[in-house]
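*Asks:* Using the sequences and the hints given, assemble the complete structure.
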Amino acid sequence: MYRINKGINRPIEFKGLKAQYIWYLGLGLVTLLILFSVLYVVGVTVYCCILVIAILGSGLFYKVYELSHKYGEHGLMKLNARKYIPRYLKFKSRRIFYEKC
Numbered sequence: 005m006y007r008i009n010k011g012i013n014r015p016i017e018f019k020g021l022k023a024q025y026i027w028y029l030g031l032g033l034v035t036l037l038i039l040f041s042v043l044y045v046v047g048v049t050v051y052c053c054i055l056v057i058a059i060l061g062s063g064l065f066y067k068v069y070e071l072s073h074k075y076g077e078h079g080l081m082k083l084n085a086r087k088y089i090p091r092y093l094k095f096k097s098r099r100i101f102y103e104k105c
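Our numbering numbers the first residue of the sequence shown as 5 and each following residue consecutively.
Hints may contain errors.
Claimed, not checked - EDC-like cross-link-like pairs, simulated, lysine to aspartate or glutamate; straight-line CA separation at most 20 angstroms:
| # | residue 1 | residue 2 |
| --- | --- | --- |
| 1 | Lys19 | Glu77 |
| 2 | Lys87 | Glu77 |
| 3 | Lys22 | Glu70 |
| 4 | Lys67 | Glu17 |
| 5 | Lys19 | Glu70 |
| 6 | Lys74 | Glu17 |
| 7 | Lys82 | Glu70 |
| 8 | Lys67 | Glu77 |
| 9 | Lys22 | Glu77 |
Honestly, the hints are just simulated from the structure, not real lab data.
*Replies:* Structure below.
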């Protein structure tokens with residue numbers, strides 16, 4: 005079957021996906037399943053439903069694998085954290101540097 009690497013201090017990896025990207029792909033697939041059922045209940049033909057889900061599913065796989073290979077295990081979290089770091093610090097006086105602890 006499929007091998008899931010669960011080594012000590014190593015991230016979970018499944019078919020090239022690392023760590024949290026497995027969850028992103030799983031959530032995306034569940035969302036596509038719900039979308040398929042909603043489209044079918046609304047009355048869209050089965051072939052149109054399959055076509056829409058196939059296009060969105062291939063886009064989902066492409067994007068998740070792209071993010072996994074580009075950012076790695078922790079890179080996406082680091083990218084999001086970098087948004088909260090100020091570009092520069094602005095002080096109105098130099099007093100803070102002259103005070104002794």
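*Asks:* So, against the hints stated earlier in the document, which numbers end up violated here?
*Replies:* none
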